Amino acid sequence: MAASDSPSAALRRRDLCSRGIRLAGKMRSDVVDLLDTYVERQGLDASASVVAVEGVPAAAVERWDEQTGTQRLLENLAAYRAFRALLAQMLEEQREQLGEADAALGRALAAVLLQVSAFAYHLEELLRLESHGPPSEEGASPPPPSHLSLFEKKLRGLGVLRELAQWAVRSARDLRQIAKPSLGSSSAPSLAESP
Amino acid sequence: MFSGWNWVAHGFYLLFNICSLEVSGGLVQSCGHIIPESPVLALGSNFTALCILNESCLDFGNIYANQIIWKIKNRVVPKEQYREINRTVSSVTFNDTSSLATPLTCNILADGQIEQNIYGITVTIGLPPEKPKNLSCVVHQVSELIYPMNCTWNPGRHTFLDTQFRLKYRWPQENFPDCIPKDVNNSCTITDVQFFVNLEVWVEAANALGKAESDPLVLDPIEIVKPLSPHNLSVNSGILPTVLKLSWENRISAAVMKLKFNIRYRIIGDTNWMQVPPEDTASLRTSFSVQGLRPYTEYVFSIRCMKEDGVGYWSDWSEEKTGVTTEDKPSKGPPIWRIIDASHTPASWTVHLMWKALEPFEANGVILQYEVTVRAKSSLSSPLEKCSVNTTSLTLKLPNGTYEVTVIARNRVGPSPPSVLLIPASNSKAPVKNVRTLPKDGKLWVRWTAPNSYVLKYVIEWCLVSNSSDCIIEWQNEPGNVQGTFLKGDIKPFKCYLITVYPLYADGQGSGQSVKAYLQQDRPSKGPTVQTKKVGKAEAVLTWNHLTVDEQNGFIRSYTIFYKTVDGNETAVTVDPTKTEYTLSSLTSDTLYTVRMMAYTDEGGRSGPDFTFTTQKFGKGEIEAIVVPVCLAFLLIVLLGVLFCFNKRDLIKKHIWPIVPDPSKSNIAQWSPQVPAKHNFSSKDQMYPEGSFTDVSVVEIEADDKKSFSEQDLKPFDLLKKEKSTSEGHSSGIGGSSCMSSPRQSVSDSDEGETTQNTSSTVQYSTVVLNGYRDQTPVQVFSRSESTQPLLDSEERSEDHAGGGDSTTQRQQYFKQNGGQDETNTDRPCFERTKQITPANEGDLVGFAQLQMSGQSSQPLGLGLEKNMQEPALSDVLQTSTEGQTVRPEAVGGNPPSVDEMPKSYLPQTVRQGGYMPQ
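Protein chains in written order, with full-length UniProt numbering: chain A, 1 to 195; chain B, 1 to 919.
Next up, chain A with everything else stripped away, as it sits in the complex (with noise of 0.2 Å):
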């Protein structure tokens, strides 16, 4: 926290903060969009339950409020390096599907790809402020098993979009706390953005 403590830093961290609850709000609302792109496209019903995916972190967690900002920061960098690693796989196993054939789908999952790889850009630089740096990657997130049908794939991705939107909410609500006064720096103004 020592870091927080010069005005630039703080800034620094508001700005970050601020850009990262607009890349969330903003990363949601395409995950929304491409959810309803990938039911389409993948020939899902999207009211079909998907039971939790293995590897896939869960946005749900009790007792939200009582975490700190680090802990906070550093669940959703690991949700998010593990979400990179499956979009990216969600990409190839895609392109290797349709090909060329449907560059929309693989535009959005790209996109959305970027978000999250921006987004876990942030958490990074937020907890370089916070005088912890970023864990190392390596061991964060299993690779996923290469052995699932191409439905399996299929319900597989729509989790992940699922649990991504569902990140994308609690990651904004994560960085509205953790632009806090109380918890960041004691100039930083609160946020009430709102995706």
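Keep in mind the hints are simulated off the structure, nothing from the lab. All values derive from a computational prediction rather than experimental measurement. Certain hints may be false.
As the list claims (entries may be wrong) - Dumping the calculated BS3-like pairs for lysine-lysine here, alpha-carbon to alpha-carbon at most 30 Å:
(1) B:Lys-260 x B:Lys-332
(2) B:Lys-332 x A:Lys-180
(3) B:Lys-620 x B:Lys-648
(4) B:Lys-258 x A:Lys-180
As the list claims (entries may be wrong) - Pair ranges (Cβ atoms, derived):
(5) B:Lys-131 x A:Arg-128: 26 to 34 Å
(6) B:Ser-136 x A:Asp-45: 44 to 52 Å
(7) A:Ala-103 x B:Asp-309: 31 to 39 Å
(8) B:Gln-275 x A:Glu-152: 52 to 60 Å
(9) B:Asp-280 x A:Glu-54: 49 to 57 Å
(10) A:Ala-103 x B:Pro-216: 27 to 35 Å
(11) A:Arg-128 x B:Asp-270: 57 to 65 Å
(12) B:His-158 x A:Glu-152: 40 to 48 Å
(13) B:Lys-131 x A:Asp-45: 55 to 63 Å
(14) B:Asp-280 x A:Ala-103: 19 to 27 Å
(15) A:Ala-103 x B:Asp-183: 41 to 49 Å
(16) A:Arg-128 x B:Ser-38: 47 to 55 Å
(17) B:Asn-134 x A:Asp-45: 49 to 57 Å
Cβ atoms here follow ideal geometry from the backbone N, Cα and C, with glycine treated the same way.
Knowing the structure of chain A, use the given hints to seat chain B on it.
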């Protein structure tokens, strides 16, 4: 000889070695090469090339580096730039590569005679890339999810080389593939960017001579977004007639950015946009109610958006949509005015009421009708005249008086406030002053000085003044607090307008003040046609007609008359524009002049047709001054000539026409048979031979019968007078001129106081029986006249005065009286008697004198003037005729004949023509 052949053989050998030696494996191996191979050089730098000969060639042809010649294209590089490094290497140095060209070749002179190319290289000259500048990027939203980012930069100078530009960008933790421009070198578009993460962007330029990078641009792409404009804009009428509600859809997710908006609108047909205050639309929304609009008006709307915090770019304006506000009651009554025609009957007016249709922003809807109310102000009890019309005019016939006219416009929603016009009996209030006009901005500005009283409003009337059309009045109202306005109408340039300003008061109206004005003036369309009214010797009066209003095109400020002779300079005279006549003076007489006339407005003049005239040779009165004296002189000469001739007539007559009597026409009066014995021809017998005539009758003629006397007639009197003292009544001796002057003789006798005892008033002419003249047989016989010629008036009057008696007696008395009266002129009878002895050829004068004497005695006093007038002439004649004559006055006066002896006078009237007078 041998030596020469040896050299030739050696040369061929060497050439063979160079060209085909070293053939191994089917390839021709060169004798050397240049370092560097195909260099790319910076323009303006120095450059050194080395030509390295193969050692193998040295052995065959004695080729060494000092024999190398460098060439650029076909031009030999000066040897100063060469340097022999060793026997196989030669270098050439260029201080400025701008002098280089392709190819650069290394050549050798074999045995100093034959130049052979060893090697050549291609040299490329250019510039290293400059650092790209002015990098800027914009994210253009093309759909709701796609945000390509276009970056532009200044590539710098031309490098003359193939230069690659790359737009590089990256996140701090992630690199992205470069954006490579296509077909251009100054812009590139990144297909999709992600927001909320700082992106580092820069441009890299690279060619064979180097690489350069622009300054990096670090930005969050969300800050440079130009969003798509809102779409599906719709406009709906609100409840209020002044409100329209706009709705639209935003095409950028609120998750990406929050927007603010600009809404602009205008009345359809208008070009000026109005804008909703930006602070009213500074937050994200999809609808807005625009207020403060005009009722029943069609508006056009458009909207645009940008990031809420103002960072980034405004979108383009959306497509335009129109909407119409609902109707409302007319906001004001129609402007009203009147034209009063009082020409028909003095007791009543024909009032043409006219009002203007309300402007759309005043009507607030469709005007269904106008309600007109007319009330006489003089008597409140007078009934209201009320009518509803659809037109904007109404003609009423009203008695003279003061009226209040009210007009209300009504639409579907309701009526307008009333417009009231007071029509006073007379325009007795104060008028405006100093009405002036001023063209301004293509319109006509009218200004005036307000009267001192409070003016309710002004009415400005105007009409186009033209010869070809009537003055159709247009008008407009202006509020009472202004002193100037633009005419709201189609005011045409070059046309004359008559503008009148009326002040309207609460209780009356002022008289109108008028002024003529032009929006724009031009030269007259034609010039005046000048003519001469009168041309004199040195002046000419010119006349012309004024140009018509349609021809003037402006205010005629002056006329200028130009006149000149055929070979003279043109003279200009400026004339007041009110004149239609001008007199040119100081002209040269009898000269052809050409005159034309120009009419000037403020914008210039135009000349009329030429007119020519010639001044007169003589001035007024000059001819008269010449002709009259000449005529007078001529007349004088003629008169003098006549007088001269008259004086010398005898001489002239003597030389020109001697009078030869025609005997055949001579007459001799018959002697009265009663008095043959009284005649004493004693003296006559001496003059005339015996028997020349047989008998003479004395006739008595009236004294005033002298008119009937001719010269020939009177000639015998001469003879008679001559012989009077001794003989009477003898004839001339020749038949025609018997000249029995007995009448005169008798008159003379009466002058002597003798009373002629003639009881008859008739005159007896004698008939002369001639014996013949010179052996001619006398044939003529005069018969005695039985004339009953009456007495002269004077004689009759004398008789009247005498108071009765027979005529003879009275006449005798009369003669006596006359003689008594003339006694004062005692010389005259004597002098006149001298005439009687003039020669016979002057007998007429003598006879005339004799007659005059007779007349003298017979004229009453009233005729004395005539006598006096005759006397001088007669005396003159007598004076001239007395010379050389034998005058015996004593014989006349001293021996007057007795009354009884006085022969009767006669008048041989037929002797006039051709009468003979002895010379």
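Taking the hints in turn, this is what the structure says about them:
Distance hint between Lys-260 of chain B and Lys-332 of chain B is unfulfilled; the C-alpha atoms sit about 39 Å from each other, more than 30 Å. Of the supplied pair hints, the one linking Lys-332 of chain B and Lys-180 of chain A is violated, its CA atoms being roughly 61 Å apart against a limit of 30 Å. As the CA atoms of Lys-620 of chain B and Lys-648 of chain B are separated by approximately 43 Å, the hinted pair breaks the 30 Å bound. The straight-line distance between the Cα atoms of Lys-258 of chain B and Lys-180 of chain A is roughly 22 Å, inside the 30 Å bound, and the hint therefore holds.
Restraint check, Lys-131 of chain B to Arg-128 of chain A: a C-beta distance of roughly 32 Å satisfies the suggested window 26 to 34 Å. About 48 Å separates the C-beta atoms of Ser-136 of chain B and Asp-45 of chain A, a value consistent with the hinted range of 44 to 52 Å. Evaluation of the 31 to 39 Å hint for Ala-103 of chain A and Asp-309 of chain B yields a pass: the beta carbon distance comes to about 34 Å. A hinted range of 52 to 60 Å for the beta carbons of Gln-275 of chain B and Glu-152 of chain A is consistent with their spacing of about 58 Å.
A C-beta distance of roughly 54 Å is found between Asp-280 of chain B and Glu-54 of chain A, which places it inside the suggested range of 49 to 57 Å. The hint said 27 to 35 Å for the Cβ distance between Ala-103 of chain A and Pro-216 of chain B, and at roughly 31 Å that hint holds. Roughly 59 Å separates the CB atoms of Arg-128 of chain A and Asp-270 of chain B, a value that falls within the hinted 57 to 65 Å. Here the CB-CB span from His-158 of chain B to Glu-152 of chain A is close to 60 Å, at odds with the stated 40 to 48 Å.
For the hinted restraint 55 to 63 Å between Lys-131 of chain B and Asp-45 of chain A, the CB-CB distance of approximately 57 Å keeps it satisfied. A hinted range of 19 to 27 Å for the beta carbons of Asp-280 of chain B and Ala-103 of chain A is inconsistent with their spacing of about 42 Å. The supplied range of 41 to 49 Å is broken by Ala-103 of chain A and Asp-183 of chain B, whose beta-carbon atoms lie about 24 Å from each other. Take Arg-128 of chain A and Ser-38 of chain B: their Cβ atoms lie about 51 Å apart, and the range 47 to 55 Å holds.
Distance hint check: the CB atoms of Asn-134 of chain B and Asp-45 of chain A are about 53 Å apart, consistent with the given range 49 to 57 Å.
The structure fails to meet hints 1, 2, 3, 12, 14 and 15 from the earlier list, while all remaining hints are met.
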